[in-house]
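Novice: Sequence:
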Amino acid sequence: MEVELKLALHPRHRARLRRHSLLTAVTPEQHPLLSIYFDTEKFDLMRRGITLRLRYVNNRWVQTLKAEAQSVGALTSRPEWEVTVIDGKHPDFSALPPVALDLLSGIKLKRIVPVFTTEFQRTTWLIDSKQAQVEVALDSGNIYAGDASSNICEVEIELKSGAPEFLFDMAIRLLEHVSLHVEPRSKAERGYILSNAMTPVPVKAVQPMIEKNQPTKDAWNAILQAALVQLSANVPGFLENAHDTEYLHQLRVALRRLHTGAQLAKSLGQAIPDWNRPLRALMQALNPARDWDVFQQEILPEILLTLESSAGNIDINDTASALLQNTAALARQQSQELLRKPEFTRLMLDIGRSLLSATPTEARQQEAKIWAKTVLDKRWQKLRKSCHGFAKLDANGRHKARIAAKKLRYVADAFAPIYGKRADHFIAALSALQNELGYTNDLIIGQQLLHKLPKRTVMLSFELGRLSGALEFAAARRAHLPTAVWRRLARSQLFWR
Numbered sequence: 001m002e003v004e005l006k007l008a009l010h011p012r013h014r015a016r017l018r019r020h021s022l023l024t025a026v027t028p029e030q031h032p033l034l035s036i037y038f039d040t041e042k043f044d045l046m047r048r049g050i051t052l053r054l055r056y057v058n059n060r061w062v063q064t065l066k067a068e069a070q071s072v073g074a075l076t077s078r079p080e081w082e083v084t085v086i087d088g089k090h091p092d093f094s095a096l097p098p099v100a101l102d103l104l105s106g107i108k109l110k111r112i113v114p115v116f117t118t119e120f121q122r123t124t125w126l127i128d129s130k131q132a133q134v135e136v137a138l139d140s141g142n143i144y145a146g147d148a149s150s151n152i153c154e155v156e157i158e159l160k161s162g163a164p165e166f167l168f169d170m171a172i173r174l175l176e177h178v179s180l181h182v183e184p185r186s187k188a189e190r191g192y193i194l195s196n197a198m199t200p201v202p203v204k205a206v207q208p209m210i211e212k213n214q215p216t217k218d219a220w221n222a223i224l225q226a227a228l229v230q231l232s233a234n235v236p237g238f239l240e241n242a243h244d245t246e247y248l249h250q251l252r253v254a255l256r257r258l259h260t261g262a263q264l265a266k267s268l269g270q271a272i273p274d275w276n277r278p279l280r281a282l283m284q285a286l287n288p289a290r291d292w293d294v295f296q297q298e299i300l301p302e303i304l305l306t307l308e309s310s311a312g313n314i315d316i317n318d319t320a321s322a323l324l325q326n327t328a329a330l331a332r333q334q335s336q337e338l339l340r341k342p343e344f345t346r347l348m349l350d351i352g353r354s355l356l357s358a359t360p361t362e363a364r365q366q367e368a369k370i371w372a373k374t375v376l377d378k379r380w381q382k383l384r385k386s387c388h389g390f391a392k393l394d395a396n397g398r399h400k401a402r403i404a405a406k407k408l409r410y411v412a413d414a415f416a417p418i419y420g421k422r423a424d425h426f427i428a429a430l431s432a433l434q435n436e437l438g439y440t441n442d443l444i445i446g447q448q449l450l451h452k453l454p455k456r457t458v459m460l461s462f463e464l465g466r467l468s469g470a471l472e473f474a475a476a477r478r479a480h481l482p483t484a485v486w487r488r489l490a491r492s493q494l495f496w497r
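Residues 1 to 497, numbered by the working numbering, are exactly what the sequence shown covers, in order.
Hints listed in this document are in silico derivations from the structure and should not be mistaken for laboratory results. There may be inaccurate statements among the hints.
Pairwise CB distance ranges (calculated) [claimed, not checked]:
1) Gln-131 / Arg-384: 48 to 54 Å
2) Ala-285 / Ile-444: 17 to 23 Å
3) Asp-377 / Glu-80: 42 to 48 Å
4) Gln-121 / Ile-172: 21 to 27 Å
Just so it is clear, the structure is predicted and the values come from calculations on it, not from any experiment. A virtual CB, placed ideally from N, CA and C, is assigned to each residue, including glycine.
Sequences are here, hints too, so could you generate the full structure?
Specialist: In structure tokens, the structure reads:
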């Protein structure tokens, strides 16, 4: 079983990494590595989560087969079989053990051919301590798939012996002097993307692996792990394709799910993790970018349709349109810069390490289903209280109801695997309320965004003013809708009882 941390490094920081005091005390080894990755023309191995490669190193060919990886943030573990073979022309399947061959069952082995290669220089340092032994590897080179290529510059910290927590300790010490970034994708995954075998897409919420009779300590850990997987999976997409606004949306969903998990520590008699404070600060710092994305992609098109129905108001002028687009783009750029900072990488490492080192207490030994009922009951009562006299709630009251609905939604989603399809109807009704209240809130936030924009000319002021007026009109027209949605939810069966 291979257990490693993998982090991206900007090429200009390679010399700085080599000068780190952790590494200068160790004599490094350097090897040029040529790796050939194999699959069928239909990429059957990739679809099963299998990686098969032949690597030329130290004048010999090494064949490696890896099964589907299990990742928690930057930490990855996966079953691996490695053996020396005669040459790199074709894999030697006779060298694989039966358990590895079982993974290839049903695939015609004769159809497995080379699909892409990697060529890079690997520099390794073997670090020993009383707690563990790890290998730090700096990989620098390229991935080639046909005429396409992509740069490789990353640091892998592989556990040779000892506790996995030491991997995080090493990464954090390196991060103090070198800017490292979250990179959950393997070289194989990046190679498949380059080969057009797969198209990167935003990763939606991953259901935690929890069961009703599971100890609460394990269920809580699983909730946080699932959220951390979703967060790390969306980071590269947002940094490389910020114009696809769904990456930022799913990234923020993951942050809120992590925050929900951190808050659940109180219900277990635990202190809220230290990393929750920087997590909240990050959530708030990313809000402007998401607010502008929602305004540009969802709110503005509907408002323009409303304006088009009025004579003489066909569209907003080019100056106003450019201002809105540029402001949204700047907000996304600022959010990207936040995720490139060492503080974000440190946050990810702190969360990952805490999930490994969390220690159970007596209060956390109850079964997950009992814990879930207690938490869901408490969140439901808070929502009912917030929604009392719903039709008469003012804007502030509906904002509180929206927050209560959101908090219930996240814990309901987290515990849903315990209850299966029983949870679907309630969660759908809860989602409808959250969406309706959220849309009204988006209209209000849209007005606030427009109010903050510089009004350099009379015409620009007029354009922004009529947009703001249309937003206010739209909010007023929808004021009665959440009441009916709340009533449907209030009549729904509580799946946890």
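Novice: CB of Gln-131 to CB of Arg-384, is that within 48 to 54 Å?
Specialist: 50 Å, holds
Novice: For Gln-121 and Ile-172, compare the CB-CB distance with the range 21 to 27 Å and indicate the outcome.
Specialist: 26 Å, holds
Novice: If I claimed the Cβ atoms of Asp-377 and Glu-80 lie 42 to 48 Å apart, would that claim hold in this structure?
Specialist: Given about 45 Å between the Cβ atoms, the range holds.
Novice: Check the following: the C-beta atoms of Ala-285 and Ile-444 are separated by a distance inside 17 to 23 Å.
Specialist: Holds, at about 21 Å.
No hint from the list above goes unmet by this structure.
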